[in-house]
Each structure stands twice: as structure tokens, then as C-alpha cells.
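Number of protein chains: 2
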Amino acid sequence: MNKEEYFIKQFSNNKIIGDDGAFIDGFVYSMDAFFENVHFKKEWMSLKQIAYKSMIVNISDAIVMNAIPLYALLSVAIPKSYSNADLKELAKGFKKAAKKFGIQIIGGDTISNEKLDISITIISKTSNPILRSGVKKNDLLCYTGILGSCKKDLETLFENKPISKKSKFIKPKLKPYFFYEIAPFITASMDISDGLFFELEKLSKASKIGFEFFNEIDESIGSSGEEYEILFSFDEINLDKIKRIAKKHKVELNIFAKAIKGKYRTACKNHHF
Amino acid sequence: MNKEEYFIKQFSNNKIIGDDGAFIDGFVYSMDAFFENVHFKKEWMSLKQIAYKSMIVNISDAIVMNAIPLYALLSVAIPKSYSNADLKELAKGFKKAAKKFGIQIIGGDTISNEKLDISITIISKTSNPILRSGVKKNDLLCYTGILGSCKKDLETLFENKPISKKSKFIKPKLKPYFFYEIAPFITASMDISDGLFFELEKLSKASKIGFEFFNEIDESIGSSGEEYEILFSFDEINLDKIKRIAKKHKVELNIFAKAIKGKYRTACKNHHF
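Chains as they are written, first to last, in UniProt numbering: chain A, 1 to 273; chain B, 1 to 273.
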């Protein structure tokens with residue numbers, strides 16, 4: 001158990017780890033930190049890109065619970081060295097993401113700090129939340145898109161080499177319209193932020209279930225974090241419907257495992273540096 | 001205009017600075033940062049006290065808007081050096097405050113960081129929010145309790161000398177029962193976190209009004225931050241009711257000014273280090 005898990009374990013209700021967000025009375029409340037030297041280095045991205053990504057990774061949590069994000073609160077710790085032009089860029093990134101997803105930035109806190117540390121709370125609405133605990137025996141497991149590029153890009157960044165501006169690592173591509181349409185036909189979902197293997201471990205714990213892989217998944221794919229692709233499960237009976245919706249939205253599906261009795265644990269280490 | 005104000009100005013709706021929290025459809029959403037070396041130094045307080053205070057300063061925002069805090073989300077960046085015993089202490093502080101105010105900790109995020117940086121979101125409920133914009137001409141201005149001790153205690157801490165464990169700087173004393181009872185009879189309110197003079201400037205901006213002081217207020221009182229006393233305004237017609245409620249709850253009232261046409265600006269500097 002790492003430090004974060006030990007800390008979370010102190011909260012007996014354990015709601016703190018349950019899902020990407022907490023579902024209460026039709027609302028989903030989610031909060032994620034996006035800290036300099038933890039989630040990004042300032043050399044890697046522009047301030048606008050950093051602010052944009054910090055919003056997107058939070059909005060992702062709402063979407064994969066089948067919730068419509070409504071409001072955002074921002075806690076932004078800003079280095080003393082930042083110029084007004086820097087602050088303007090930072091604000092632009094937050095506003096761009098908010099506008100794209102129809103979110104109102106309603107409040108928060110700004111303080112002066114040594115590094116740029118952002119925490120965001122998103123308040124969303126849903127009448128049918130999709131949780132991590134819903135995987136049933138014999139369900140099919142699927143992830144969207146292509147995994148692996150974010151791990152490669154992260155390695156490239158660590159070598160002080162540039163990556164494409166179009167990299168998912170810089171600008172994650174969420175799939176809200178696809179997801180809201182498949183939502184009635186799936187049993188569980190979450191986003192892939194820590195890597196597929198890690199998410200599967202969380203899914204296994206939440207649903208008390210194991211997975212039988214159809215083919216071995218390479219570590220370069222399974223341990224690639226920051227992908228913000230969607231991992232979900234569904235009854236085979238809905239396979240055609242889901243395939244049709246995926247085709248309509250041009251989303252690639254990777255059906256890679258079946259839920260079986262048991263539990264799944266990964267031996268991979270967390271990707272955060 | 002300082003950096004924080006410039007950043008906030010980028011958000012055109014300006015809701016981000018409006019009140020201690022944002023009021024929407026019966027809910028109040030508030031979020032405050034509580035960062036090491038910005039709001040506290042680790043030598044000053046135990047981890048339990050730090051966590052407790054980080055919750056209390058957030059709960060204070062809800063109370064002064066006449067809202068009942070229901071849920072909390074915690075973003076906690078934890079130094080790698082912390083032992084499991086440290087984490088347990090930290091969790092104890094959060095849980096103590098949550099229990100005291102009947103709040104459920106429903107989620108958040110924990111990450112590994114260089115220093116202890118906490119951001120908290122509180123979700124509260126109210127049918128009658130009290131805002132900063134409600135001060136009317138001729139209203140009386142009042143603050144609760146005794147101001148000044150937190151500034152003194154902060155100075156003592158900076159001299160590396162100890163302060164009393166009972167100091168309001170370590171353990172702010174909120175007055176929810178008093179406040180909820182006076183709420184129907186007041187026109188505006190906020191808590192005193194940055195110091196009375198600063199809060200008056202915010203109140204003046206939000207209500208587009210000035211203040212006529214009955215007596216000069218010393219800087220040792222007016223610029224003492226972290227007090228978490230309550231600043232509020234009311235029509236003189238309600239003076240006796242408010243006095244009676246204050247007596248019942250043993251709360252000291254300081255009626256110090258009258259609202260007049262004009263605006264109020266302070267020359268004092270912010271207390272944050």
C-alpha cells in the first residue's frame with residue numbers, strides 16, 4: 001500500500017476512492033489535483049495548455065460517470081515570478097476548456113506559491129450515474145482509442161526532446177457524445193488516467209471481479225497513463241449497439257477481456273514521477 | 001492590483017470573487033487553498049491542527065453565507081517524507097472538523113508533493129443566502145469577538161516563539177448557531193480572513209457603499225487576519241433582536257460604523273507572507 005492509499009484508508013466510509021466522482025442526489029462531485037513537478041513540468045507545455053489540460057482531466061471524471069459537467073471551482077497557486085501575460089495565458093486555458101464543455105467557472109481561490117499547483121472541483125448532473133462497481137460476470141471489457149502514445153511521449157519529454165503539439169499527453173481527447181450514447185448499454189466505466197492495468201485493478205476491487213484477457217497486453221500499452229481514454233464493461237447482448245455508436249462517432253473499440261470470478265492485480269508501478 | 005486580482009479579473013463573469021462561496025439553486029459552493037509556507041509553516045502547528053484548520057476556514061465560508069455545510073472534497077498534496085503516523089494525524093484533523101460540523105467527506109485527490117498543500121471544496125445548502133452585496137445606506141456595521149490576537153500570534157510565530165494552543169490562529173472559533181439565528185435580520189456578511197480593513201474594502205466594492213467609522217480602528221485590530229470572526233451589516237431596526245441573540249450565544253458585538261454613500265479603500269497591505 002502506498003502513502004496515498006494509506007491516507008485514503010483513514011476515511012472509513014471509503015467514498016473518497018469509490019469512483020471518479022461522488023454521486024449524491026443527482027449530482028456528481030469530483031476533484032483532481034494538477035501540480036507542477038507531479039503531473040507536469042513547466043518546460044513541457046505552455047501555460048494555456050497546462051490550464052486546459054487541468055480542466056480536461058477533471059471534466060473526464062464527470063463524463064465517464066455519465067454526468068454533464070455544469071460548474072467548476074479552481075484553486076490556483078501561482079508562482080510569484082509570473083507576469084500578467086502569463087496569468088492571461090493561464091486564464092485562457094481554463095476558459096477555453098470551460099467554453100468547450102459549457103461549464104461555468106463559479107469560484108475558487110488564488111494564492112501566491114513557489115510553483116503552479118492547480119486543484120479543480122467539477123459539479124455535474126446525472127440521472128443515471130455509471131459506477132466502477134457495476135461489472136458483472138461474463139461482461140466484456142473494452143477501452144477506446146489507441147493506448148501507448150502518452151507513455152512514449154512522456155519518455156520523450158523526460159529526454160528533454162519535444163513532442164507533437166497534437167499529442168494526447170498535451171491535449172487529451174474526451175469523447176462525451178460517444179459516451180453519453182453508449183451509457184444506457186454499459187455496466188461500469190472509468191477513465192484511463194493511471195494506465196489500463198491500474199484502472200483494471202481499481203475496477204476489479206470496486207466490482208469484486210477478475211478478468212480473463214483474450215490476448216496478452218504489452219506493458220507499453222497497459223501502463224501508459226494520462227491517456228484519458230475510456231475503460232468500460234457491458235453485457236455481450238449490447239455489443240452490436242455499442243459498435244454502431246462507436247462507428248457513428250469514429251471511436252475505436254478494443255474489446256480485450258471478459259469478466260470472470262476472481263480478482264485482478266497488476267505488478268506495474270504507478271507512472272507518476 | 002496584485003497578481004491574484006489580475007488573474008481573477010480575466011474571468012469576465014467575476015463570480016469567482018463575488019462572495020465567500022457561489023450560490024446556485026439552493027447550494028453554496030466554496031473552495032479555499034491552505035498551503036504550507038503560504039498559510040502556515042509546519043513548525044507552527046501539528047498535522048492534526050493543520051488539517052483541522054484547513055477544514056474550519058472553508059466551513060467558515062459556508063456559515064457566513066447562511067448555508068449548512070453538507071459535503072467536503074479534499075485535494076491533499078503530501079510530502080514524501082511523511083510517515084504513516086503523520087498521515088493518520090492528518091486524517092484525524094480532517095475527520096474531527098467534519099464530525100463537529102456534520103459534514104461528509106465524499107472524495108478528492110491525494111498526491112505526493114514537496115510540501116503539504118491542501119485545497120478543500122465545501123458543498124452547502126441554504127434557502128436564504130446572505131451575500132456581500134446587501135449592505136444598504138444607514139445600515140450598521142458590526143464584527144464579532146475580539147480582533148488583534150491573530151496578528152500578534154502570527155508575529156510571535158515568526159519570531160520562532162510558541163503561542164497558546166488555544167489561540168484562534170491555531171483553532172478558529174466559528175459561531176454557526178449565533179449566525180444562523182441572526183441571519184434573518186442582517187443584510188450582508190462575510191468572515192474576517194484577510195483582516196477587517198480588507199474585508200471592508202471587499203464589502204464596499206460588492207455593495208457599492210462607503211463606511212463612516214464611529215471611532216478610529218487601530219491597525220493592530222483592522223489588519224489582523226485569520227481571525228474568522230464575522231463581519232455583518234444590518235438595519236438599526238433589528239439592533240435589539242441581534243443584541244439579544246448575541247447575549248444568548250455569548251458572542252461579543254462590535255458595532256463600529258454606519259454605511260454611507262461612497263466607497264472605502266484601505267492602505268494596509270495583505271497579511272499573507
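These are calculated hints, taken from the structure and not from any lab test.
Any given hint could turn out to be false.
[Unchecked claim] Under the rule of at most 27 angstroms between Cα atoms (straight-line distance), these lysine-lysine pairs were calculated in the DSS-like manner:
hint : chain 1 : residue 1 : chain 2 : residue 2
1    : A       : Lys48     : B       : Lys115
2    : A       : Lys115    : B       : Lys41
3    : B       : Lys171    : B       : Lys250
4    : B       : Lys250    : A       : Lys92
5    : B       : Lys80     : A       : Lys115
6    : B       : Lys99     : A       : Lys41
7    : A       : Lys80     : B       : Lys99
8    : B       : Lys99     : A       : Lys3
9    : A       : Lys80     : B       : Lys9
10   : B       : Lys171    : A       : Lys9
11   : A       : Lys9      : B       : Lys99
[Said to hold, decoys possible] Among chain A residues calculated to face chain B with C-beta under 7 angstroms, some are:
hint : residue
12   : Phe7
13   : Phe11
14   : Asp32
15   : Val38
16   : Leu73
17   : Pro79
18   : Ser81
19   : Asn84
20   : Asp109
21   : Thr110
22   : Asn113
23   : Asp117
24   : Ser119
25   : Leu154
26   : Leu157
27   : Ile163
This one's a predicted model, so the numbers in the text were calculated from it and none came from an experiment.
Glycine included, every Cβ here is placed at the ideal spot set by N, Cα and C.
How the hints compare with the structure:
1. A/Lys48 / B/Lys115: Within the cut-off at roughly 25 angstroms; holds.
2. A/Lys115 / B/Lys41: holds (17 angstroms)
3. B/Lys171 / B/Lys250: holds (18 angstroms)
4. B/Lys250 / A/Lys92: violated (48 angstroms)
5. B/Lys80 / A/Lys115: The given pair, whose Cα atoms are some 17 angstroms apart, holds under the 27 angstroms limit.
6. B/Lys99 / A/Lys41: Not OK: B/Lys99 and A/Lys41 at ~38 angstroms, beyond 27 angstroms, violated.
7. A/Lys80 / B/Lys99: The given pair, whose Cα atoms are some 36 angstroms apart, is violated under the 27 angstroms limit.
8. B/Lys99 / A/Lys3: holds (24 angstroms)
9. A/Lys80 / B/Lys9: holds (17 angstroms)
10. B/Lys171 / A/Lys9: Holds, at about 26 angstroms.
11. A/Lys9 / B/Lys99: Answer holds: A/Lys9 to B/Lys99 is near 17 angstroms, not above 27 angstroms.
12. Phe7: holds (4 angstroms)
13. Phe11: holds (6 angstroms)
14. Asp32: holds (5 angstroms)
15. Val38: Holds, because the Cβ-Cβ distance from A/Val38 to chain B comes to roughly 5 angstroms (cut-off 7 angstroms).
16. Leu73: holds (4 angstroms)
17. Pro79: violated (9 angstroms)
18. Ser81: violated (10 angstroms)
19. Asn84: holds (5 angstroms)
20. Asp109: holds (5 angstroms)
21. Thr110: holds (4 angstroms)
22. Asn113: OK, holds: A/Asn113 within 7 angstroms of chain B, min 6 angstroms.
23. Asp117: holds (6 angstroms)
24. Ser119: Nearest chain B Cβ about 4 angstroms off; hint holds.
25. Leu154: Cβ of A/Leu154 sits 16 angstroms from chain B, so the hint is violated.
26. Leu157: Result: violated, 19 angstroms to nearest chain B Cβ.
27. Ile163: Status violated, d = 23 angstroms.
When the structure is compared with the earlier hints, violations turn up for hints 4, 6, 7, 17, 18, 25, 26, 27 and for no others.
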